[in-house]
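Participant: Sequence:
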Amino acid sequence: MADTDYVASHSNDEVEHEHITTSVEIEKIDENLYRSKSLWLPSEARGVFGGQVISQALLAATKSVSEDFAAHSLHSYFLLSASPAQPIIYHVERIRNGRTYATRSVKATQAGKTVFMMVCSFQKPEPSHRSHQWPFPPNVPPPDKSETSLERYNRLTALPGTSELQAKLLRNYLNERNSSPIEIRLAKKTTGSHGSLVAMYWMRARNIPPLAAPFHKCILAYESDLHLLGVGAQTIGLSWGLNHPNKLGMISTLDHSIWYYNHTFDCGDWLLYVMESPRAEMGRSIVHGRVYTQAGVLVAVVVQEGVVRPASGDASTMTSSKL
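Mapping of the sequence shown onto the working numbering: residues 249 to 571, in sequence order.
The set of hints was computed from the structure by calculation and includes no laboratory data. Take these hints with a grain of salt, some might be off.
What the hints assert, rightly or not - Restricting the straight-line Cα-Cα distance to at most 30 Å, the calculated cross-link-like pairs of lysine-lysine (DSSO-like) are:
hint	residue 1	residue 2
1	495	436
2	276	311
3	285	311
4	372	393
5	311	361
6	393	361
7	416	436
8	416	437
9	393	416
10	361	276
11	311	393
12	276	372
13	495	437
14	355	276
15	495	416
Given the structure is predicted, the values throughout are model-derived calculations rather than measurements.
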């Protein structure tokens, strides 16, 4: 969408949390060339949050297509850790402009090195065709009955045998969630018919103004990187706070893909993120995600693969940085 301003007019009232538009927004510095305005370094990580890079890259690509095209898929690779100390530069290449589909590639660089690559596709919506979807999962507690970050912190720190390291990691998690533009509530964890963990989280963007549909897709791209690869680690019994041999040593995203199947969802409303890992082997794990509205509409499908390794006993190997 060329240089369209996605944010509708709204009041200047102060908000409690960082605005998601601040996290996602980019600055145009030349034709097909954009620069990040903010970058977030999560606790215990050496590289900036991957979901933020995906969302900013998608916004850069979206600014290069006409308004009658809507993002329907993206496929990305994380190549190097990005530092929050200097901006990321996004280079958009206009690969193809067709009658129904348009293709863009985005190269993200920092300090002269490529840290991230993405190819994304846009489609003129064709709503008249046949459709189907997997159903909304049964027996999911609504958001107001689901565990908040504070409730989760209190529950886990009260468990017998909670170590100082586990308590520290939980405090860091709580602080990040309280200052995050995204609110998360644990709906449930269960075992699927395949015998593996299925984790479900409610997510919504805090205090967002009216936004055009393309920006909601960028927000969902940001949200889609939250908790996802962690489910892959949990499925094979690894966690940061556990002792050897179940202590997580490294978790790092390799690639991340999203397919959008709805253009009207609102990230200011609660969305259910259903996550499960079908396979882990050779130090890698793959996780599938499905995103539903509260009305049960499946709006997006996500797949992420990453490095998931147990700790070797050397503290220096404990990192969640990109490779």
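Participant: Give a verdict on every hint.
Facilitator: Comparing the hints with the structure gives:
no.: 1; hint: 495 <-> 436; result: 23 Å, holds
no.: 2; hint: 276 <-> 311; result: 10 Å, holds
no.: 3; hint: 285 <-> 311; result: 16 Å, holds
no.: 4; hint: 372 <-> 393; result: 39 Å, violated
no.: 5; hint: 311 <-> 361; result: 23 Å, holds
no.: 6; hint: 393 <-> 361; result: 46 Å, violated
no.: 7; hint: 416 <-> 436; result: 24 Å, holds
no.: 8; hint: 416 <-> 437; result: 23 Å, holds
no.: 9; hint: 393 <-> 416; result: 26 Å, holds
no.: 10; hint: 361 <-> 276; result: 20 Å, holds
no.: 11; hint: 311 <-> 393; result: 39 Å, violated
no.: 12; hint: 276 <-> 372; result: 25 Å, holds
no.: 13; hint: 495 <-> 437; result: 20 Å, holds
no.: 14; hint: 355 <-> 276; result: 15 Å, holds
no.: 15; hint: 495 <-> 416; result: 15 Å, holds
In summary, the structure is inconsistent with hints 4, 6 and 11 from the numbered list given earlier, while agreeing with the others.
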